[in-house]
Every structure is written in structure tokens, then in C-alpha cells.
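J.: Using the sequences and the accompanying hints, generate a full structural model.
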Amino acid sequence: MDSTPTTVPYLRIRNLSKNFGAFTALDDIDLDIMPGEFVSFLGPSGCGKTTLLRAISGLDVQTTGSIHQGGRDISTLPVARRDFGIVFQSYALFPNLTIKDNVAYGLVSAGTPRIEIDKRVKELLELVGLPEQAGKYPAQLSGGQQQRVALARALALSPGLLLLDEPLSALDARVRARLRGEVRDLQQRLKLTTIMVTHDQEEALTMSDRIVVMSNGRIEQVGTPDKIYGQPATAFVADFVGKMNFLEGRLVTSKRANVRGAVLDFSEEVPLGEGAAVTVCLRPEDVVVRDIGEHSDNRLSVQVGVMEFIGNHFATTLHASGTGLNFSADFSINAVRDLGISSGATIEVALPPKRLRVFAQPRSATA
Amino acid sequence: MATETLILPDRPAAVAPLRQKLGRDDWIMRGAVVALGLWLILTVLLPIWALLSKSFQAADGSFVGLANFQAYFASPALANSIWHSIWVSLLSTVICVLLAFVYAYGLTRTCMPGRGLFRIIAQIPILAPSLLPAISLVYLFGNQGLVKWMLFGASIYGPIGIVMGEVFWTFPHALIIITTALAISDARLYEAAEALRASPRRTFWTVTIPGARYGLISAVFVVFTLVITDFGVPKVIGGKFNVLATDIYKQVVGQQNFRMGAVVGLILLLPAALAFVVDQLMQRRQLALLSARAVPYAPRPDATIDRAMLAICSLIAFAILVILGVSFFASIATFWPYNLTPSFKNFDFDMMDGGGWRSYFNSLVMAGLTALFGTAVIFAGAYLVEKTPRFRTIRGFVQFLALLPLAVPGLVLGLGYIFFFNNPANPLNFIYGTMAILVICSISHFYSVSHLTAVTALKQIDREFETVSASLRVPFWRTFMRVTLPVCLPAVLDIAMYLFVNAMTTVSAVVFIYAPHTTLAAIAILNMDDAGDVAPAAAMAMVVFATAAVTRAIYMLLTQGYLARAQMWRKR
Amino acid sequence: MNLCTTSGLRRALLSIAAAMFGLSTAARAADLTVYTALEADQIKPYKAAFEKANPGINILWVRDSTGIITAKLLAEKANPKADVVMGLAATSLMLLQKEGMLMPYAPAGLDKVDAKMRDPAASPQWVGMDVWASAFCVNTVEAGKKNLPEPASWADLTKPVYQGQIAMPNPASSGTGFLMVSAWLQMFGWDGGWKYMDELHKNIAAYTHSGSKPCRQAAAGEYTIGLSFEYRANKTKKGGAPISIVLPKEGLGWDMEAIGIMKTTKESEAAKKLSDWAVTAEANKLYAENFAIVALPGIASSMEFIQGDIDKMLIKNDFAWAAENRDKILAEWSKRYDGKSEPKN
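The listed protein sequences correspond, in order, to chains F, H and P.
One point on numbering: in UniProt numbering, the residue at position 154 of the first sequence is 154, and numbering is uninterrupted.
One point on numbering: in UniProt numbering, the residue at position 371 of the second sequence is 371, and numbering is uninterrupted.
One point on numbering: in UniProt numbering, the residue at position 189 of the third sequence is 189, and numbering is uninterrupted.
Just so you know, not all the hints are guaranteed correct.
To be verified - Simulated pairs of lysine-lysine, PhoX-like, Cα-Cα distance not exceeding 25 Å:
id : chain 1 : residue 1 : chain 2 : residue 2
1  : P       : K116      : P       : K285
2  : H       : K240      : P       : K195
3  : H       : K240      : P       : K81
These are computed hints drawn from the structure, not numbers from a lab.
T.: Right, dumping it as C-alpha cells:
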């Protein structure tokens, strides 16, 4: 059967668990990664994302479970017999070798002829945008340049899989933002299957095809950035990715809940009985202040609390008049300017039913 | 296109954990770790074991329990030595640590002039055998001493001389530890104290002392161990005052009573082992004290304090220079104290006890080989222990073996070597009486400090070098040679110099195992002094000192000159 | 790496291995391990003369004080390292003889040796080389400063004026020390001897490890009087020390330096050659440079600073008794006086 190749996963992880003594670092992980896909492992420290990467690279073999890469069972292979390139947060460039020698490091051992090595190194340095730096030592380059060299070195042997372990964490914000785009661009051009471990949601959201959100050694959700952000599958994901209000209330109907005296409608049907305890999730930026009319759903009259100027927006706390409901909201600068919103003022806002997510209580312990 | 043909197993319930297949690198590294472990078992563990078991045996080798210990404690003169050893060591420790603290304070916390020079002078004692200060003290305070009056009629032969000699000899050891402890203190605490208007005195007792306390405690234990296990000083200047270290020598070399030597050795092992354990605990706490955000303290000029510290440090430095100088003048005087015309008569070692100039050349060869092989074994060993993936139990055991010599006094190790290697039943018996056993013994004797230096250097380089190399399918030894070794070159040279200087000056371990054709310079000093040739002994001590000093100078030139050029990559 | 440097490296490694394991790449010569208590400045000419006369034999000295060499030989009885014992006190050799460790051998030319100076058996287990006798070294400068009279006899040494002025070798480690103690016990009787030493002990400042050290210390003025032996006294004075040499008038303690072959030697041919050489006139002439009395009668001695006829002043010495009672004497001595001795015995 000549099926479309994209349906065959390049990396297939099954029933993967890792114990350190009594501590379970990875609990029965199943995951497929497609060829050419850029996947991020996202989660707080200790969630198991690094452990999973170390299992894939063979640095720390899993306790049970299997990993197949390109159809080959690599579950118990030593590092040197797997097929990946790796880039670390620390760059791990060899400080006493020139940039050229760093990039050529693997090629020399592979017995590549000198002329080809030179050609390949030139090619790789051009690829990462550093064609002029071959003769320098790592310490003479900036952090961002060093990380690009590390990338070039990891790509030198044309590996089937690229592993990025918090690659941008050591860089300052501006360089980080620029490199995100560059790395993603490079990965797209090479169509290289790539896994990145990160605790930075922005990084994961901007670079990935899919994100694997992890917590306590388990996968919470796998999905596109859009889906992870917009439709978090669990309260943990909702909490971890982006800012979120968690509003506790009880169901009135399957599409309506009473939250501390405020009645809120949502478009998603909740298969729970009347009176069931639920948590309604609302992103602060989803609070609407413009064009509020008679027919706006979930219209609330609110009192504006302290306005915090964040730079590109204002953050504030709103109190719904006549109820016990408090929640945070983000307003754009021009909305504040246009509508004259100020601390202490009473305004009208709406909470679009489509943007509310509802979970049954109790929420997971991590919230 | 790869087609999906995998058969995925059902979730297995509680199966045995997976084991990673071992790659070529794993096999080689593990093999090397095991080989290193065996080497350390042979050269450290078994000799110590031989000593321990000997102390529980009768002359014919049968087990007699504590009978030897009973015999030892039954002799009041011998049991007295324990008490002597303890109080002399305590007194030396207190004086040495106090002086070193003041000196270190001057070096790190004041702006007194000449700190660089003071630093260099303070290192002098490390370059000389412990016999040198003792010999100088005889010239200074002996019955014909230059400044005998300073003792107000007391005799230098005995506890006074021992304490003075030991303080001189252990001073740099204490200084290094305390200087480090003071140098890492956090400036922010001082700023806080100042902001709270604490008086300088209160700041000193509430900030300075607590900050340096682990360093001080560590220095106390190091000095105490050095003093209680040293026998060079009490041998030369102890007179009728017996201590444990001279007892062990007397029993073994003087009376060939090896069992009693083993008993004393075991007694000597106790304080050293205790000090080792306490020091390890201290170091663990010291690390916790250091926060990553600490700001180094920069002293501000203060005329009164700077002048006072300059006076005190000058006095200490002067004392060190005098002790060195006296040995120098005694060695070039024709016939001290009656004919002070300079001559090289005392350097005619071939007409004296101790093996003559050959001893000196033996020492050079021995120290050179110790530095060469020792550095190779210890650095490669530290690399393997640090970087071999997994294999934790064995690596932990080898690490333990590598640190063990720190708890074993040289005399005890040397005695263990006799018992272990001079046993005709031991297939390694053939190295007994050769240069090889001296080199092996010296490497073992100084293993731990070198190992720790190597481990510290290795921990400072990126942990991921090996991973990157493995992912690039580069064998580990290539990365070791091309990256790890060049990056750690300063530490490697440091180890080589440490081994060379110590092998050159040590007496304690090798005194039991040298042979007629492998006499050593430091032992020649001892034998010449024994025969009454004190001036030639001083002369040999000066030759040893000069050699160690030149080595040190070469090391400094290498690290500052050549290395600076060869290690361009360190610069931005 | 090219071939040239490889072979260079290999050669270097081989020579290091050779140095470390004491292997010799030259044609193997007979190495004769000789235990001795001779003075370091004596053994050089002996070795040179013997090796010149017997090319191919190489002496390796193991040198230490009499007591230590004796203890070492006894301790190694099960697995002896020595081939020959040369220049050790006859009392010590008699001890080895009693233990059955020596090989009877009559060196060529034995008939010329003074009959008193050898094991009387036809194939003697030891043969004497020379006699060494006790002497005082008195520092004249220090004695002058302190206004001390020069002692002339053993008895003088116990006078209170000499308190803290005398250094003497420890008999447990030093042969020179032992021959003094043995002489006192023989001259003054067992009880009288210990009584004398009790008195003397009050004046002793230090018991030294070696027999030479008291004289050298006297020479350096560290102590005014050093009880030592005539060779060291003569030599030290020759070296410019301000000392006078006193031979106590009651009589001199003395012992013989002697040579014997270890029964267990694997180099018996070479060992015998050394034994033969030791009784030659050539060897005796070398001994005579250091000692007044040597094994071959009629060889003139040349000790420029020793006045008096040493031969006549030697006490009647019962070596058999001294050897027999050595352990007992030393145990008694240690019990009484050990507190003041230097660390190494």
C-alpha cells in the first residue's frame, strides 16, 4: 500500500516509563512524531520533558517502553549508535577549537576527505549565517552566534533527528526572539524532524508544529499551538499556557453556569448534571470592552480595579457589580485610550461564550 | 518509503527495567575504570589492609587479637608518646592557624603594600622538606645558636623546637585554605553590616569569622593531621621527647619490630581518618554557603589597619626568610660556628652518609617519574570516574579509593608497602627495592589532592562535551585528547608540579622502602643529620629546596608565558 | 608519527623501565649486597680498591649504625638480602654466628691474620679487619668559655661540673656506644658498671643515634664533650674542629670490625673474593689509614692526632661474654636511660 508518507510516524514512542528509585519521572508515555515535524516538549521544571529527551537521545535509557526511529528500534542503543544531532542551552562548543574545527568535529572522525570537510563546513556556516567567522574561537562570538555554530555542528552529519535542549534560554530576550525565527526557518528548509525541550511557552507557541504539554511525568495534551492555547484539554494546560482566570461555579444547565452570582453562558455543552461544580476558564485578553450592545452575551457591569501598565497593554482586575465575581482582564492601549477606562470607573464588558472553557471540578492538583 | 511493519507489544506489567546496550566507548571506559580500581586496590587498599592485619598478628603470623596493643600500652614510655603527640599537635595547630589567619586576612582584606611578595614568601616552606626548619632551628636556638638567648635558657630540643618547626612547615597549607575561605566571602554582607552601623569589631566577629569558619575548621584539621603524622621535625629536633611518628620509625627501622610499628601506625591512622571525615563534612557545608550571586569583597584602604597588618605580616615573612637563610648560611660555612668562610665543602655529599649526590639524582628521577606517570594516571583516572556514563556503584567505589590516601599518613602507607610488597608470597614482590615502588608509593601518597584538583577542573568544563561527541559519533578518547586535555592543561600542570615538589621533599612514606641504590635526597638529609653531619644535611636541604623552587618558577613561567600564548582561545 | 620518533620513544620507555626495575642493559656484573656499619667516608676507598682488583664485581652497600644493621640482619633471617657483612662489630657477627647465618670460609692469606682477631675455627665464620676504640672529643673553645677542666678518665666524666655537657651514642643503635657500655661492665663489674652509668647519666645531655655524632656535636660546640671513637675524633680534628682528643686512662672500650659471608648468598664466588681481599695487605693498608690496629701485624698506622699507645690501653675484652649478654645489656640500658635518647633509638 503506497500510503502518503506523512501518516507514518518518524519517531514512535510507546509505553515509555522512567523511574528513579521510587520516583516516577515518566509515566507511560505514548507519542508519535511525523517526519519533518517540529515538536516542542513544554512544561514546568520536573515535568519529565528533559527526561523524555534524554531517553530519545540515549543519555538516560528508559525503565520500560520502546522508541522507534525511522522504523528502527533504538530503545536500548547507545548514544553513538543513534542518529541525531543535539544542541544544548550551554552551546557546549569546544572552547579551544576554532569555529571551523567545531563544525568539522564529527566530519573528521567520520573520515570525510579534507576537501569535502572544508566544503561542508562552508556550506553549514552559510546556512546559519556565519560565513565569515570560521577562524575565530567560540569565546570571540556573541551568545547568539555561538548557538548558531552549535546548530551547524549538530547538522554536520545530516542527522535524521535534531534535538534542541532549551536552546535559547541562555540568550537575552532580543536575540532569543530573532533566533526563534531563524531556527524555525532553517528547520523548515531542511524539513528536519526536530524536538525542542523548553519551559518557555512563547518559544513553543511560535516555533512548533505541535506542542506536547507535560506535567508530573505525563502528557497533558498534544496539539498545534493554536489548539493548545485556544482549547486547552485540561485545566493544567489552560493554566500553564498563557494567563487564565479560573472561576468556580455550579452548572445551571449544560450550557450555563452560575459563577458567584453571575450567570455565564458558554457554547460548549458540558455533560454534567445540574448543580455540578465546575471551573470556568477565561483568558484575560478575551474580555471584550468595545461594541457592547443589548445582545452581547455574558454582559457584565464591572468596576475597574488598579490598572497596571505592562507596556503593550494594561492589566487590571474587574469586579462584577452585584456579584462576588472578580477576574483579571487585559485591555489594549487604544481601547483604554478610546474608552477612557480608568481605575475605579464602572464599565460594561462581555465574555464571549465561545471563549469560555469549562472543566469539571475538582481541578487537577497542579493548578 | 518505510512501511509500518512494527508489532507493538501490549503494555507489559512490571517487567524488568531495560538495559542499554553498551557501545564501544562504554566498554573501553568501564574497562579502564575497573583497571583503575584494581590499580588503587593494589597500591592503596591492600597495603593498608596488610598493615591492619599485621597489627593483630604475632611474629609468626598467627592472630593474637589485641595482644600487640596491650604490649604497646603496657610500656609507659611508648604510651607517653600518644600524649606528647596530641598536645604538641594541638599547640602547633592553634599557633599555625592563628598566624595563617592573620596573614591571610592581610592578604585578602587589607590594602597593605607588597601582598604579591608576601604571597610568594609564604609558599617557601612547601618547597622544603620538613627537616629543613628543624635543622635551621638548631642553628638558631641550639646550644651554639645565634639567638639562643631568646629562649631564656629553655632547650630547643623537645616540644619547643617541634612546635616551631611544625608551625613553619605547615604554615602555607593553612594559609592556602584560609585565604580561599576569606576570598570567597560576600561583600554584600559587609555592606549590610555597614548600613546597620555595626562597629568594625562587631562586623569582624559576626561576618568575617562566621564566613571563614569552615575554612578555619578545615585548616585546623589539615594542620593537625600534618603535624601528628610528620616525623622529620621531631626526628631532628625532638631530642628525648618521643612522639608517635618517631616511635613508629624507631620500632621499624631501629628495632625491626614490624608488628609494633603496625600498632603505632594504626594509632596514627585514627586521628588522620577522623580529620578526613570531618573535613569532608565541612567541605559539603562550605559549598552551601556560597551563593551564586555573592559579590566578591574588595578591601578599601585604611591606614591604621594596613600599617598594622604590614607590620605583622612582615614579621611572619621575616621569620620564614630567616629560617631559610640560616640553613643556607650554615650550608656554605666551612665549619660552623668556628670558621664561617664560605666554601662548598658541605656539598661534597659523596663523603657523607645517605648515598651522596646519587641520592639527589635518584630523587630527581623519582620525582620526575612520579610527576609524569602520576599526572597521567590521576588525570585520566579522574576523567574516567567523572565522565563514564552510568556505572555508578563502581565509579563511586573508585572515587572512594582515590580519596582514601588523604586519610592515610605517609608513614603508615610506607609501612603498609613493606608488609604488602616485601611478602615473598606476593607475585609483585619483584618491585620491592626498585625505583618503581618509590614512584608507585609516591603517586599513591599524593593521589587524593591531585585527584581533587583534576575533578574540580573537569567539573568546570561543559558536561555536554561527551554527549555532543557521542552524537557526532566521535570516540571519547579523541575528545579527551583534543578538547578535555587542552582545556584542563593548567590543572594538569598544577598536578604535575604538585607531585614533583612533594616527591622531591617527602620523607615519610619512602623512608621505609628505599633500597641501597635508590636512596633519596630527603632521606639523605635525615641520615646525615643522624650521623652528626648537620651542615651537609642543611646543604642537601638547600639543594632540594632550590630544585623545588626552580620547578615552581618554571611552572609559573609556563602558565603565564607559554600557556597564555598557546591558549589564545581563552581570550575574547 | 614517523618510525624514527617511534623507536626513540621505545628506547626512552625501555630505559625508564630499566631504571625503574633496576634492570641493567649492560652485561650483567655480579652485584654483591654488603651490609656494613663502616663510616660513609670509609667505604668509598674500600669499594674502589676492591672493584679495581676484582673487575666485574660491584658492591652495593647497605649502610647504617651497628645496632640497626644487626637488627635488620636478624629480622631478615628468613629471607636474607645481604651477601656479605663487612665492617660490622665482631660482637654482632658472633650473634649471627650463633644464629647459624654465616658461612665458614678460610680466605686466602688467613694465616697472616693476628690470631686474636678472628674466629678461632680452621674455617672461620668471621675474620677481623681492624680495632676501633673509644675516645672523647673535647671542644677546647667551649671548655675554655665555660672554664671546664679537660677530663682525663671515665671517672672524671661523672663530676658535677660536666652536667649537661656530654653527648654519648645510644648503645642500642651504635656499636661505639655498645662497646663503651660493655667495657664499663667488664672493668667495673656488673653492679659497678650500672652504678657508674647512673652517675654518668646525670651529666649526659643527649644520647645520639650514631657513634660519630657526639664527636661532631662536640666539634660544633653543641655539647662540650662527645664520647665517640678514635677514627672519628682524628678525622674531625683534621677537618679543623677545635677539639682535643682524650683517651681515658682506665682503659679503652673496643671492638673489632669484621667480615663474614652470609650462608644464604647466591653470589658465593664474589663473596669469597671480597673476603679474600679483606685480609690482603692492600686492604689492611687502607684500614690503617683509619685505625691504629689492623688485622695484619706490622702495618703502620697514620693517625696524626692520636697520641698514646692505643694497643696498650685496650681493656681485656671478653667478646663471647659481650655477644652472649648483648640483649640483656641493651634491655637493662633502655629501661634505665631510654628517655634521653634521640628518636631513632
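J.: Of the numbered hints stated earlier in the document, which are not met by this structure?
T.: 3
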